[in-house]
Structure formats: structure tokens, C-alpha cells
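A.B. asks: Chains as they are written, first to last, in this note's numbering: chain A, 2 to 342; chain B, 2 to 342; chain C, 2 to 342; chain D, 2 to 342; chain E, 2 to 342; chain F, 2 to 342.
Possibly wrong hints are sitting among the right ones.
[Said to hold, decoys possible] No more than 20 angstroms apart at the CA atoms, straight line, and that leaves these computed lysine to any residue pairs for SDA-like:
1) C:K248 to A:N273
2) E:K248 to D:A336
3) C:K173 to D:S81
4) B:K248 to E:L271
5) C:K173 to D:A42
6) C:K248 to F:S272
7) D:K113 to D:I220
8) A:K180 to B:T249
9) F:K173 to E:S81
10) A:K113 to B:T249
11) A:K248 to C:L271
12) F:K248 to A:K113
13) B:K180 to A:C80
14) F:K248 to C:Y234
15) C:K180 to D:K113
16) E:K248 to B:T249
17) A:K248 to C:D76
18) F:K248 to A:K180
19) A:K248 to C:K180
20) B:K248 to E:S81
21) D:K173 to C:D76
22) C:K113 to D:C80
23) C:K173 to D:D76
24) E:K113 to F:C80
25) D:K248 to B:L271
26) C:K248 to F:E330
27) D:K248 to B:S272
Please keep in mind that the hints were generated in silico from the structure rather than gathered at the bench.
Residues per chain are reported as follows:
6 protein chains.
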Amino acid sequence: MLRLDPGEGRVRSARSFTAWEGGGEYNVARGLRRCFGLRTAIVTAFAQNDVGYLLEDLILQGGVDPSLIRWVPYDGIGCSARNGLNFTERGFGVRGALGVSDRANTAASRLKPGDIDWDGLFSAGARWFHTGGIFAALSETTAPLVIEALKAAKRHGTVTSYDLNYRPSLWKGASGQAKAVEVNREIVRYADVCVGNEEDFSACLGYEPEDSSLSALNIESYRRMVGRVSEDYPNMQVIATTLRTVKTASVNDWSALCWAGGTVYQGMELSNLMICDRVGGGDSFASGLIYGLMAGKDIPTALNYGISHGALAMTTPGDTSMARQGEVEALMRGAGARVER
Amino acid sequence: MLRLDPGEGRVRSARSFTAWEGGGEYNVARGLRRCFGLRTAIVTAFAQNDVGYLLEDLILQGGVDPSLIRWVPYDGIGCSARNGLNFTERGFGVRGALGVSDRANTAASRLKPGDIDWDGLFSAGARWFHTGGIFAALSETTAPLVIEALKAAKRHGTVTSYDLNYRPSLWKGASGQAKAVEVNREIVRYADVCVGNEEDFSACLGYEPEDSSLSALNIESYRRMVGRVSEDYPNMQVIATTLRTVKTASVNDWSALCWAGGTVYQGMELSNLMICDRVGGGDSFASGLIYGLMAGKDIPTALNYGISHGALAMTTPGDTSMARQGEVEALMRGAGARVER
Amino acid sequence: MLRLDPGEGRVRSARSFTAWEGGGEYNVARGLRRCFGLRTAIVTAFAQNDVGYLLEDLILQGGVDPSLIRWVPYDGIGCSARNGLNFTERGFGVRGALGVSDRANTAASRLKPGDIDWDGLFSAGARWFHTGGIFAALSETTAPLVIEALKAAKRHGTVTSYDLNYRPSLWKGASGQAKAVEVNREIVRYADVCVGNEEDFSACLGYEPEDSSLSALNIESYRRMVGRVSEDYPNMQVIATTLRTVKTASVNDWSALCWAGGTVYQGMELSNLMICDRVGGGDSFASGLIYGLMAGKDIPTALNYGISHGALAMTTPGDTSMARQGEVEALMRGAGARVER
Amino acid sequence: MLRLDPGEGRVRSARSFTAWEGGGEYNVARGLRRCFGLRTAIVTAFAQNDVGYLLEDLILQGGVDPSLIRWVPYDGIGCSARNGLNFTERGFGVRGALGVSDRANTAASRLKPGDIDWDGLFSAGARWFHTGGIFAALSETTAPLVIEALKAAKRHGTVTSYDLNYRPSLWKGASGQAKAVEVNREIVRYADVCVGNEEDFSACLGYEPEDSSLSALNIESYRRMVGRVSEDYPNMQVIATTLRTVKTASVNDWSALCWAGGTVYQGMELSNLMICDRVGGGDSFASGLIYGLMAGKDIPTALNYGISHGALAMTTPGDTSMARQGEVEALMRGAGARVER
Amino acid sequence: MLRLDPGEGRVRSARSFTAWEGGGEYNVARGLRRCFGLRTAIVTAFAQNDVGYLLEDLILQGGVDPSLIRWVPYDGIGCSARNGLNFTERGFGVRGALGVSDRANTAASRLKPGDIDWDGLFSAGARWFHTGGIFAALSETTAPLVIEALKAAKRHGTVTSYDLNYRPSLWKGASGQAKAVEVNREIVRYADVCVGNEEDFSACLGYEPEDSSLSALNIESYRRMVGRVSEDYPNMQVIATTLRTVKTASVNDWSALCWAGGTVYQGMELSNLMICDRVGGGDSFASGLIYGLMAGKDIPTALNYGISHGALAMTTPGDTSMARQGEVEALMRGAGARVER
Amino acid sequence: MLRLDPGEGRVRSARSFTAWEGGGEYNVARGLRRCFGLRTAIVTAFAQNDVGYLLEDLILQGGVDPSLIRWVPYDGIGCSARNGLNFTERGFGVRGALGVSDRANTAASRLKPGDIDWDGLFSAGARWFHTGGIFAALSETTAPLVIEALKAAKRHGTVTSYDLNYRPSLWKGASGQAKAVEVNREIVRYADVCVGNEEDFSACLGYEPEDSSLSALNIESYRRMVGRVSEDYPNMQVIATTLRTVKTASVNDWSALCWAGGTVYQGMELSNLMICDRVGGGDSFASGLIYGLMAGKDIPTALNYGISHGALAMTTPGDTSMARQGEVEALMRGAGARVER
């Protein structure tokens, strides 16, 4: 999606916007490429117009291979297929971040099973496949496409990860959340790694937390909930959840927990983290975690890659990280913020 | 519509956009209000989100009364109704202006006969009603709505004007232009004033020009064509057409012709007019002409109000004019461009 | 007034400025219109030049009806009448906000009794009239004009409010503050609602606080002071004061107290409120409070509308609020600053 | 003065301004310093506030010595003394440049005879003193101050120049232009060098051109007019006039004529000169001419320094030149505009 | 190189710069990739610091494969190796474009024979290799490296092209141009395609034009000169030269000639081409020509690809083209600059 | 040096930069001039190109006399001499400030003993000479030049100060820090006032702190260390060290200690100081301290001038302070950050 960002002002009275790109899967692919040096590609579809070309321009800048993007003819008004947009502001202090998604009828949402040659793709040696709950919710055809992809990945030994990423706006209408639970429960049966935030496990998979107080989500109650998850979905090898306490839009506490092999790990805790732009923090957590797992780090280290990368991503504007691996690792070592020169 | 303008660069590689508002009817209403001091309102529909609020903010700045806008609930993704957007660049020299319209499924395009209380509106004393061929082409329901409005205006003695404004992108698909001709022929039967550019009479109403050379559109061949138009549509009292010779994107010849009461008038000719942003030039022509007619000027004077206002509108960025009436009249008097201080 | 804002830099070394509009009464009118949906107008005078047109452009954007503005001819240099300006920076941390007012000889300051048809205005059904101590201090003629207006409002049953708004720069010269006290004591005899900050009651009305420590202004001493005020001015029905503890230019504690019907209410307290631009916080407090009173809310609720609206106004640049009513109410309910998407 | 420039847009709808400095005498001093490497200072007065500090910051950047500026206390609102402002836009094509001067009651306009120690200043070795008709017109006291200065300069052998610079807005009111003629006729009796544009000799000194057609101002009629001037004011050693034919705001023909020692010289002619910002073109002509005279060049060469410097100054935004001497001389040699790298 | 561009102002008084990337070979590679859809890579070296990362970011955006870039350790101050910079302004009207190159001691200039595995590179199937006279002039080691590369390309059947690109600043010092001729004469013995502007054949290869008047460079004298070139260097299969007449910095006449197989072709002529930023026009000519040759077009068509692509590149800021193939071809067909929407 | 600042983003993905000037000695000279009103000049060398002219433009704006700058011819590529650059970002929260220095082979670094007429300079009445460890480290010739200057200053009774300013990047390579200690130990034998941060005394002079914990640097251990320093260098009359605890890049604790006449003074402590841009904080400390000493303030007062000026300098972007003396003194008195208007 193209993100239009009004900077320190608000969408509703802006006279100019900065353009960024975003999207759950893309943000992860970009982080793995630009911060961690891995080669990545994005599978999606764009309408063939100058907004699509702008997205390609941003994706190229992000280092992500655009050659798997399907280009759909544009009809001149956006009836048959569009490119997704969002107008999203950052928030400040007591004023929360706020976004308007304008992503109905996108070329991406019209992708359907059979459109992508998954076997060709995975047999070519892709080591990891990541997708998430936003894409799965875009239309009636995207969830089946996700399942098709996950199954194909499994056939070829490609590791899969899924970010639950619950967005109420995507599940509106009658039986919205119930439908979300139904869809996601089916999907996660095929995922090796499952990522979410505190609320996603409840909203997407239907697990009621024992302790309803978000700010008190502790390792014990999480252990019990995730124990149930891991029993229900024995396919999952890693289950990770970010922990964010929103003190204000500009100051959050930030950490994460991770279950693997029966053990729950508590990652590094960044209290009173200053936030420039929170959008994409969870995606940068995912890419950090995935890097750690792909690089063969132990679970606590991989988890801290995620926390540190997510934290740095939120110190800059835009949905994606501008950090480099050395900075992520320095923050993991507890390095301060002295000037380097 | 919200226009996102990349300035001197191009949409496809922009990292920031200036936001303007536009839309044929709105541009006319804004010009009448801000340049010529008349009170105007806009009848349309917006999806209720921050993009819609931004459009309202721009419309308020434009001095146009937004109280007749219908606010439609937003579903969070833009499936049931959206707000229209366009990404439009200005062109420069040999590089033409270029726009991407993203206006399918807008709240405005879903307006339909019965939605608007035209009788209430016109009986309250509206003196003039202006609409055009872009709105009529937006969906299956908008052309009938236009006809409903024009008929109601007639009932209440409100003068009506219609800008043909042919846009190929709106009439794509099988039998596109034929459909355009069919729809517009029906509509113009109810218009008192009809405005277009050189090509609109052919593309929208099916009149083949005798002389196919655009640059040589002369008063004689125009007189004959418009004679046929006025015979076919005896309801029309004024028929005006802008004349633009695009030497480059930055330099145009600009003038207009006008038929009224059996006579064809040639307006002032601005050769080698420097163009900053051509978008909206035709709409500012229309508002200048309408002002002249409403103010009781004679036809040649009213025509020159249109030409002069359109010319000034193209010296500034954005779709709408930033001129004031005194400046329009000074240019009509042939005033030079010396500094005023 | 036109505000020229150097952004994160300082006036004294700026090379560009953002333009905002401001002014005590206007800010209140804009807040009532754009945040709370009420129709408002501004009574003032502008010199007729492009700076005046720019102010009108900003006022139109603000949704405030400019039709009551008196346009005074401009003499080309600003001798007979000017438009008011201020160059104001926001401050940051230990560096306080700083402003240069350039508002002598404005068209507004030359308004005098008899210039405005108050009876015509109030008899047309205006429900509320708000003005304040800055306008009253602009010249020898503005305080009598304020009194004329307040008396006329009373005749027509229009509720009146007055913001004390002491500005030392306006009361310079011999016997400056004494003069301020004399003028304001006369004016407030005609106000139904009186608003100020901690220092205004002392500086404008001459009430010495029992407890000189600003940060310890407590409900008890306020009750006693306001008790004396309400005895001295039995016309007052609501007396409200904002409480701001300036920890740094970027972090304030923010709350307000309100006396009504013999009772003093303590509003919600926002500790360590992050400040983007504090200018206009008091005006947005006033508009929130007035909305609450006009909407028939109880006093504590109306007070919290003021506190919440003032707080949100300070999270964005410019003198006025960019908030909408739903956001004000969400903050009143204690909503956090999580992203909404 | 501080100039606020809306860039490609217009003052009346701008949301940001670029800040430049300007003023006839200052522009000349800055050009002599930054383009031609001479040491210069400015004699004026500023109100002591952050707008004044900003002007000082700009003057320092301009390399002009600010130590002779008188700093006048600021009263907080601008009643006793202000700093001058103008909001000026550039024009484009058929839309002329447009400015709003807001310079009444400035500290500079309140300077009066006796305020400046001219003898001290000139006896310290100043080689040249330049002033002009805008400053002389600011108030009742500035023309006498100019005469006082010119006389003092004469006493100390400092060469003097005077730019007629007629501004209608400064001479409004009863008998405006007649007063201008009276004042300027008195002043020019003390000037060694007199500069103006085509219209200044008529408007400021009352010489009716034989040939009223501006565009046909030819060397013969100029010779006759200047012959009369040189007879009437035998003190004048050089009389120069710029010739500007405004084809559009963006394209001017640009040249100048110069009388010296009984001969009239026609300088180089730049036809169809592209104009970015015409403001200050005449002042940069003056500084080029003065440099040529001070450097002992012959009159035709000095004249071309003026024409070339004025032309280059109009290729950049702002009132002052960004050119360097080598560029001025290259253009005088007829160098083309190929890239240098 | 990183280009820092002051926009409409000048380097010498800028307070902000836009960052672009540039470099002869890179510009060609980017044009072939983003305009014409071919896969390209760049062989160079960067110092490993954030300026190098920024260059990589820009190259990625350009779609050019950065994997062949050698990253050299940065020593913290730029002594052992730097990244190249230039501060370049566009010019306007009579003011020419102007640039400061700061490219001594770059990592790229320190590349030397043996550093690059040319055989590995060309044996992997590269179809075309392009380089030029700027790189060859950077240091004592770069010309031998160019020769090494051209010879290796020949061994593997890769077509080679060489842009003479004479830059006086690179050949300063004793016997500068003589050295340039010596070096380039050796290099072009290995090039299949040779590109230059009117002056390059003289400055780089020592051919004195028969007709010294640049503006009159006609097809006859070019035929004779190029006949001598083709006899001296029988290896050359295509020799092309751009023709630019600089009327002003903003208006150029633009065309090109091409020799192939004994025939000289005159390409399309664009008179009075409006120029936004001329830098990189020659490189975009080269990429258009190369595309045409690679795509098997006939020589006149390939030549027009070059002229058209070069022209469009100069309508946008920055060193590289923002055009797409369809636009290039439309201009070749003589399409006007009407708006497309 | 020219600083290129990417604002809230990062160098590595910036598309525009703000230009500032900086450099240890210059920052001190500018602070003394613009904040404290003393006349100052800078002794350095620039390559003669537009980047050098831009630096001169910035220095002029800074009020610092540029007439002692040596202008070295530019060779067109920067081989013989360049102008120094740095690309420096501010940091935010957990992300530290980060800079790339590109200052090898600058004209300044090539200054050597004998180049400057120190005796002429100091005999003309310079009261104070300040330099530091960055300049001394630039090349083999700059440390001897510093010593030459300090000795000359001593001869003429000019007070000297030296800022240790250790930069690891300048002392890379074998025996880097040991060389730094050797060089600085020699230099400080000639300085009257020595300034540094907590780490400089160890890194530059080889004093091992008794207590290695930076955050616990207390007055006792400092007293002992500085006692040893003052014994080893009896020439030193004042030794000052800034104390900065970097909680995050955006929040620091800030204070300083000062030894003089055998006593150690602890300055005012600013806890949780909000930081906009920390670069240059130490230099503004030095200029505040020097002002205090030159103005004859007692040591604690002079020390607080330094702390306060350094703190204010870090509330604005750029390397230098935008504060004025009254603001520095208000902060010293503990003034809050309420708005002044």
C-alpha cells in the first residue's frame, strides 16, 4: 500500500503528504533485506498505472525483488482493480495514531487460488515464506490463497510464518470477529511460526486470556494460553507475541514473549520507549525474529533481534525500518544512545 | 476529488505530494465564490472518514457551502463507498500533463435519483445550477440523477449549464463513446448553457467537424457546427467552446468561441500563454462565463470573463483559480504584467 | 491575526514560515465550528489587501462565517489600517515559546462603539457571544466596544462569555496593570461566563491569591478567591480557570477548575501532557467548555470538554484545534492513545 | 524590510512563506559586497524584537555591516516602532508580480535629521553613499534626513547616488505625485549619480517624455530629456535609466541607457530575458553600475555591469543577487548558458 | 555520485538540498532498467559509510543491481577512500547550470586492473557493457581498468559502448587535453559503439572540425569527420553525437546524428526544447540509443529513441530520466503534450 | 565544515538535507558573537568553489569575520584541496545520533606552520584565542600549527583556550590513542583554559579516572584527577568538563564541573534535558564559559553561562546556538519555559 503521511499535522487539514510504502508482508521482506542483508521478494498484484509504478519505485528502493508482482490493466477509474492506499498520521502524546485505509477492490485483494505458481516459486529454493492476517482478510479469495501457499511451502520444505494482525475494520459486518476466528484457525494449522500482539490470540484464534488486564499480561498467564495454543496446533514451532503498553502515542513500553519447544521466553524490556511513528513496529519485530531464527540464533537471541529491530523501526517515520544490523545488535547489547562520530 | 500533485517531479517517483481539491462542478462553484463573490454550494456525497474531512476542509477554504454534502458511513476499507482521488502531474515542455484517476465506487458515484431534494433546493432560490459530463459518466445512476436535477431546475426557473467534459477513461469498454453520445444527447436537452472544448462536441454529441484540423478550428466551421447544434437543441441559449492549441505543456494558445442568439462570437486570444498547471482551465472558463451571464454582461464580455479567468487559473498550481475579479478584468482590458506595489 | 511560525527553529534565524491564523475569539469560534459542529461567525475588521484575503482564506477553512468582517481600504503602506501579525515559535524543553506581536494600528483595533449593528446581529438569534481581554486592550476604543456588545447581547438574551487573557505587552506604560484591572472590572460586570488562567484573576481583576505558589493552587484557596469574585460580580454564572504547570515547554500538567452555583469543580487532570504547540490551548479550553454549556451538559462534563479539547489542541501545531468531537469525548473517557485503524 | 514570498503560489492562499530581506539601499549594498567584493554598511533603524533580529541575521548573511543600525525599543505590539514587512509574489506569465507593503510606523521611517552622525561616518572614509526615493517618501522626516546626508557626504568628498524609485503607494492622498516631484527635485540637487526607470523621471521629477510610448523609448528622445535634466541639475555627473519591456511577468526585454559628460550610451540589450523574480532588478542594476564607476571602468562598461548584474539578479528568487563578479562579466562578454563543470 | 541540488536557488546560498544520484555509466544503466525494462547492474566501489548506504538506496530505487559494488572500509574521515559528491544547480535563462565536483580519492577512482573479475561477469551472459571518459579520467588506474574491461567484453562477445564525455576539470594540469586525447584514442580502439557531443570528438580524440561554428555543425562536415574516425577505428560500428544549441539554460535545440555502416543519419530535431535540468541528457540519449540497438531497431529509430529519451530526461529534475518507454515512443511519433486523463 | 542534516529521517535514506555550518572553533566564535555580542573571526582555509562560498555565506550569517580565511584554488575535483563536509543525523530515543565526516584533504587540514601571520593577528589586539583537539588531529601539520599559534598568543598576552574534543575517527590506525595523548600533552602546556568532556581527559591526556563509572563521576574523584592535571600543567588556570548522562538520544542529564585556583565548582544541573540536536552542545558550553570569563564573572557564574548556553543550543537543530544572552541568563536564574508574549 501507498501510505500518505501528514507529518506532524493531521490528515484532515493537511496540505501536503509524505509518501511511504507499507504492508505487513512487504515490511517484513524489506526489513530482512535492508537491515539483515537477506534476499527477499514480494508476491502481490498491482494495477498498472502511475500509482503502481510509484509503489514499484518504493519497493525497489526497499531492495525487495518486484519481479513476482502481477500487473493488472488499469481501467482509468479504478473499477476493475486499484492500488491500495492509506492516509495515516502518527499521533502525539494523548492523541493516538489514526489511519484511513482505502484498500477495497485492489488488485492484490483480487488474487485467488491458482493465480500464483507456488510450486515453481518454492522449488526454486525459497527458504522462508511469511504472510499474515491482513492479507487473508482482504477478500473471499485471499484466505484460500494463503492456505494454498502455506501448503505448497510445506511440500517444498519452506519454513512458514504467519502474523495474526487483527484489524477490526477488515472484519466488519455480521459475525465479523467470529468469521476472523474461523478463517485464522484454519490458516494457522499450516504455519510453523505464529506472531501476534497481545490481543491477536484472542481476536483471531478465540483464546480468552485468563487475566483480562492487558498491562498485566504476565509470563505465567501467557505460558498457560500458549500452552493451549501449542496443544491445539502442534504444527507450530515458535509462537511469539509483542507486548506494548501505550502510555501515550509518543511513549510506549515495548517487549515480547516467545514460546518454543515448551518453554516461554521473556525478551528484553524497553520501558518508556520514545515513539516517532509506531506503524510497522510489529512487522519489524517479525523480521528481526525471523532473521534470528534463519541465522540459527537461540530463541532468546532471536526474540531480542525482533524486539530491538521493532524498537528502532519506531524511532523513524514511515512503516519500515531504517536500521542496519549493527545498530540492532548494539541495542541488544544495551548500548546507549551516545553520538557516533 | 482530492488531488495529489507531485509538483515539478512525477507521480511515479514522488516522495511527497501537495494536496488540492478538484472536480468540475466544484471548480466552477469555487471560482464563482472566491473570484466573483457569489454564494455557492456543492451537492455531492462523501464517505465519512478523514479523507472526507480533508475534502470538507478544502471546500470550506474554497468558500463553497458544504452543508448539502451527504455523508455516507465509511466501512473501514472503502468497499461500500470511498472518496475520489487523483494523482495528477502538470507536465513540462514536451512532457504532457498526466493523471491517474482513482474514483470508482465513490460515495458521489453512488448518488441516484431520489437521493437529493431538488425541489427543496431550487425552490429556496438558487439562481444557477451547473453540472457536467464527468459526473454524468461516473456510474449508471449519475446520468439519471443529472437529468432529474436539470428537470427540477427548469421547474423552478433556475438557469442550468452543462459542461460536456469528455473523458475517455470514463467511457471505456464496449461501445464506450457511442454510449457517451447517447447519454449526453439526452442530458443536453435540458441545459440552457452548454460548454465544451473543441473535441467535446464531437465526442459527446456526435457532431463531426467539417474541418478535422483542430488547430484550424475557425469561426466559420464552428458557426456551421453550432448552427446544427442549436437547431437540434432549441433549448440551448448559449453554446461556448474553449480553444486550446497545445504548443507544449508549458505554452498554449488559448481562446474561446460562443454562440448565442444565432451569432457566433470570437473571444480574446491569448497566444503563447505560459501554463503552470493546466488542470481546471476549462472549469475556470465556465465560471467566468457564468459570472458574466449572471451579472448581465453582454455575450462578448461574458465570454472574455471566461477566457481571462481560465488563463489566470492556469498560472497557478492546483485545479482552481486563485485570481480575484479585478485581476480578471485587468487582463480583459489587456493590462500587462508589470509589478503592482 | 496571521501567525508566522518557524517550526522547529526560531524566528530570529528562520528562512521560512508556516502561516496559521489565530486570535482569541476566532480560535473559540473555529473550535465550536470544526470540532463541535456549531455555526459561528467572527466580528472584526480587516484591511483590504492580500494579507487580509489570506486571513479570510484561513477563516473560511476554519468554517467560521466571514460575512460580518468589515473591510477597510488599504493605503498601500499600512498607515491608516493594517492586518495584525505575530511571529511565534513553539519552544522546546527548557526553551520557552516566544512570540512577537505586530498588531498596532490594525483595522480591528480601530473598531469603536457604533461601528457594529449589535442589535441586528443578536436579534437574528445568536445564542452565544464570546470575547476577551486581548481585544479589549487593543486600543482606547475596543473596551467600550466590548461593553457595548455585552450590553446588547444581554438585551437580546444572548449568553456572554469573557476570557480575561492578560497580556503584559498590551498594558505597558505608566499604570499599565492598574489600567487593566480598571477596564476588566468594568467589562466583567456584563459577562455571564468568565474564563481565565491562574494569573488572570489577579492581573486583570486584582484578586490577590492567598497562596502565591502557582503550582500549589489548590481547590480550597481557589474556592475562597472565586467566592469573593462571585460575590463581587453576581452576574457571573460560571467562572472557570485553567491550571497549567509548565514543567518544560514540551511537558505541562494541565487541568482546570470551575465555579458554578456556589460549587467549585475540579476537572480531569492530565499530568505530563506532551505539548507540540501550546498557543491556543486556553482558547480551545473555552470552546470546549462553551460547547458543554450550550449542549446542556452538567458542569463537570462541560469542564472536561474544555480540558480535553484544550489538551488535544496542544498536540498539533498552530493556534487552533484539529480535533473532532469524538476524539475529545474519547479522551474524556480516559481512552489511551492506541492506533485506530 | 522582511519579504515573505509565497513561491509559485499566491499570498492570498499561501500556507507557507520563504523569508528574504530587501530594501533599495540594502540591495545595492549587498550586491556591492557579495558580488563585487566591496565593504558596505547599512544605516537604518530596527525595532528590537525577533523580527529585527531576523533582519540582522539576513543582513549579516548579506555581508553588509549592521553596526550602524539603530535599535529602538519594542513596545510589544508595534505602536511606537515596528520593522517593515512586505508580502510579495513573483507573478507568472500573464499574471503580474504583486506585493503588499506593510511598512507604516517602522523604526526606519521615524529616523529624522540629527539622528545620525553623518560627519563621523563620512569622515571615516566612506567612498560612496547611495539612497533613494522610497526611503525619502517614508515619512515627513526621511526626506530631510536624506538631504542632510547628501550634504554631509558632499562635505567629505563622498560620491552620492540616488535612485528615484517611484512607488505610487507611498505618495497617495491629496497632491500625491506633485508632492513627490517637489521632494525629489530638492533631493536630486545634491546627487552625483541619478538612477531610475523609464517612468521615474516623469513621476519623480516631472519631465514629460516627448514620446509617450514606453516601448519606443528611444535613445533620441531620452537624449533630449536627459539633456534637460542635466541642464537643470548640473550637479549630476551620471544619469542612468533602466529599460524594461514587460512582455509577460516571466519574459522581459531588459537594457539601460546612461548619460555622462553630455553623451548618452545605450547598454547591452537582453531580449526575451527569462525572469524568475523581478523584484530587485533595478537595485542590482544600480550596484553593478556603481561598481563599474568605483572601479574606474569607462561608462559603457559600467553601464553593462549594471545591466548584466540586474539580469542575473532576476534569475533567482529573492530581492537580491546571488551572482558573483565573474558571472556578471561572463554575461557581459556574451557568454552562453552552457553548463560549467 | 551523490548530487546535492539546491533547486531553484544556488549552491552558494542554499540552506537545503535535494539528493539525487548520478554518474555517466549509472545513468545509462538506470535508464535501460526503469524506462526500457532491461536488467542492468553497476560495477563500482563505495566507501562503507552512510553516504555509501544512501547511494545504494538510490541505486536500488533506480532498479540497478548493486551486488557488484565493492565496499571499501571507511576510515572515519575519508582519507583512504570516499564517496563522490557533486553540488550542481540547474541554471535558469541567462544563468548557466553550474556544478562543483568533489570526487577526488573516491573508492571508485581507486579501482585498478585486477580488482574486478571481468571474465566471470561477462561469461555470465552480459549482453552489453557501457563505460565512458569520465570514469577513465578519474585516476591513473581507471583508464587501464577500462581497457581491461573492454578487452574482456570482446572475448566474451559482449557489445561495448563508450561515451567520450570530456570534462575539462578532470584533465587539468600540464598537457591536460593532450593526455585526454592519448588516453581516449587508446580506449576507443576497443569500443563497438562510440557516443559523444559536438565537442567530444575534438577534445577527446583530436579531430579538428572543418567548420568551427558549433551551431552550424551540419551533416556534411560531420560525415567527413566521422568518416575519418571510422577509418581510424574500424572497430567502431556505430558513432553517435548529440547536437545541443544552448539558447538559454532553459531553452535548447536538441538533436543528434549517427554514423553506421558508412551512412550518417540525422535524427529528429526538437527546437526550443524547454529544459528543467539538463544534467544527464547525454546519458539518457545513450541509454535510448543502446535500447534501440539492443532491441534490433533500425539505426534511425534507435537514434530517435536516444533523442527522445534525452529530451524527456531534461524535463524533470535530477540526473536521470523519469520517463517510461511508451512516453519515449509517443514523443518519437510526434505526440503533443495534451493532458492524458 | 558544511553539515548536511536529514532532519527527522536518516542519512542513509534521505532525499533532502538541511545545510548547517559547524566546526569546534567556529561554533565557539559564532556563539560569542551572536549570543554574547563579542566580535570574533575565524582562521581557516577553504577551497575556492561554490561549497566554499556557501560556507562563507553561513559564516557571514553567523556574524563571524571571514576575512582571515585563506582561499585555496580549486582543481575541479578536490584532489589538491577540498572543503570539509559531514552528514550528521540527530538521533531519537534509543537511536543515537550518527555522523559521517568527510574531511580528509581539506584546505584547512593542509594549513601548516608559517601559513598564518599570528604575530600580526595577535598584536592587533585579539583578547582570546580558542582552538581544539579536532583541528589539531586533522593532519601532521595542524598540531604544530596549533602550538605555533598558542605560543604566539602567549607572546602577545592573548588568553588561550583548548577544547580536548577527542574523536576516535581522527586517531585511527596503529597507536592511535597513544598518539593523541602525545600530541595533546604537548599542546595543553600552552593553554590557559582547558575544556573537555568526561572522557576527554582520559582519552587525550591519559588520566585514568579513579572511578570508571561514567554516570557516577562525582566531584570528589574529579577533584583528585584535576588536581593531578593542574600539578602537571601549572600553566592552566581554568579546567572545565561537561557532564552528560545520555539517558536516550532525546533526554540527557547535563551539567559541568570547573577547577580554578585550586577549587572545584559544580555547576547547575539540568536533569532530563530534552535534546533536539546534541551536536555542538560542548562548543556552546565553551563559548558560554569563555564569555563569563571575559566578562569578569566569578567562576561559578561563568560555569553556569556555559551550562545554560550549551543546554539552549541543544534545543534547536544545527551545530550552533540560536540563543541570545538574555535567554541564557534567564535559564541560569531558573526561569521556567512559560510562553513570552
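A.B. asks: Give a verdict on every hint.
C.D. replies: Okay, the hints, checked on the actual structure:
Of the pairs offered as hints, the one joining K248 (chain C) and N273 (chain A) holds, with about 18 angstroms between alpha carbons and a cut-off of 20 angstroms not exceeded. Distance restraint check for K248 (chain E) and A336 (chain D): the Cα-Cα separation of roughly 11 angstroms lies within the 20 angstroms cut-off, and the hinted pair is therefore satisfied. A hinted pair counts as satisfied when its Cα atoms are at most 20 angstroms apart, and K173 (chain C) with S81 (chain D) qualifies at roughly 12 angstroms. Taking the CA atoms of K248 (chain B) and L271 (chain E), the gap is about 12 angstroms. The hint holds against a cut of 20 angstroms.
Between K173 (chain C) and A42 (chain D) the CA atoms are separated by roughly 34 angstroms; this puts the pair beyond 20 angstroms, and the hint is violated. For a cut-off of 20 angstroms, the pair hint linking K248 (chain C) to S272 (chain F) stands: about 12 angstroms separates their Cα positions. Taking the CA atoms of K113 (chain D) and I220 (chain D), the gap is near 39 angstroms; set against the 20 angstroms cutoff, the hint is violated. The hinted pair formed by K180 (chain A) and T249 (chain B) fails the criterion: a straight-line CA distance of about 56 angstroms is larger than 20 angstroms.
Restraint check for K173 (chain F) and S81 (chain E): the C-alpha separation of about 12 angstroms stays at or below 20 angstroms, so the hint holds. Distance hint between K113 (chain A) and T249 (chain B) is unfulfilled; the C-alpha atoms sit about 44 angstroms from each other, more than 20 angstroms. Taking the CA atoms of K248 (chain A) and L271 (chain C), the gap is near 12 angstroms; set against the 20 angstroms cutoff, the hint holds. Of the supplied pair hints, the one linking K248 (chain F) and K113 (chain A) is violated, its CA atoms being roughly 50 angstroms apart against a limit of 20 angstroms.
This hinted pair checks out: K180 (chain B) and C80 (chain A) have alpha carbons roughly 18 angstroms apart, not beyond 20 angstroms. Taking the CA atoms of K248 (chain F) and Y234 (chain C), the gap is about 52 angstroms. The hint is violated against a cut of 20 angstroms. At most 20 angstroms may separate the alpha-carbon atoms for a hinted pair to count; K180 (chain C) and K113 (chain D) exceed this at roughly 33 angstroms. Between the alpha carbons of K248 (chain E) and T249 (chain B) the distance comes to roughly 17 angstroms, so the proposed pair stays at or under 20 angstroms and holds.
For a cut-off of 20 angstroms, the pair hint linking K248 (chain A) to D76 (chain C) is broken: about 54 angstroms separates their Cα positions. A C-alpha spacing of about 46 angstroms is found between K248 (chain F) and K180 (chain A), which places the hinted pair above 20 angstroms, so the restraint is violated. Restraint check for K248 (chain A) and K180 (chain C): the C-alpha separation of about 46 angstroms exceeds 20 angstroms, so the hint is violated. Using a Cα cut-off of 20 angstroms, the hinted pair K248 (chain B) and S81 (chain E) is violated, with the two alpha carbons roughly 53 angstroms apart.
Between K173 (chain D) and D76 (chain C) the alpha-carbon distance is near 7 angstroms, which keeps this suggested pair within the 20 angstroms criterion. Proposed proximity of K113 (chain C) and C80 (chain D) is supported: the alpha carbons are some 18 angstroms apart, at most 20 angstroms. In summary, the hint linking K173 (chain C) to D76 (chain D) is supported, as the alpha carbons are separated by about 7 angstroms, within the 20 angstroms threshold. At most 20 angstroms may separate the alpha-carbon atoms for a hinted pair to count; K113 (chain E) and C80 (chain F) meet this at roughly 18 angstroms.
Between K248 (chain D) and L271 (chain B) the CA atoms are separated by roughly 12 angstroms; this keeps the pair inside 20 angstroms, and the hint holds. A threshold of 20 angstroms between alpha carbons decides the hint, and for K248 (chain C) with E330 (chain F) the separation of about 18 angstroms falls inside it, so the pair holds. Distance restraint check for K248 (chain D) and S272 (chain B): the Cα-Cα separation of roughly 12 angstroms lies within the 20 angstroms cut-off, and the hinted pair is therefore satisfied.
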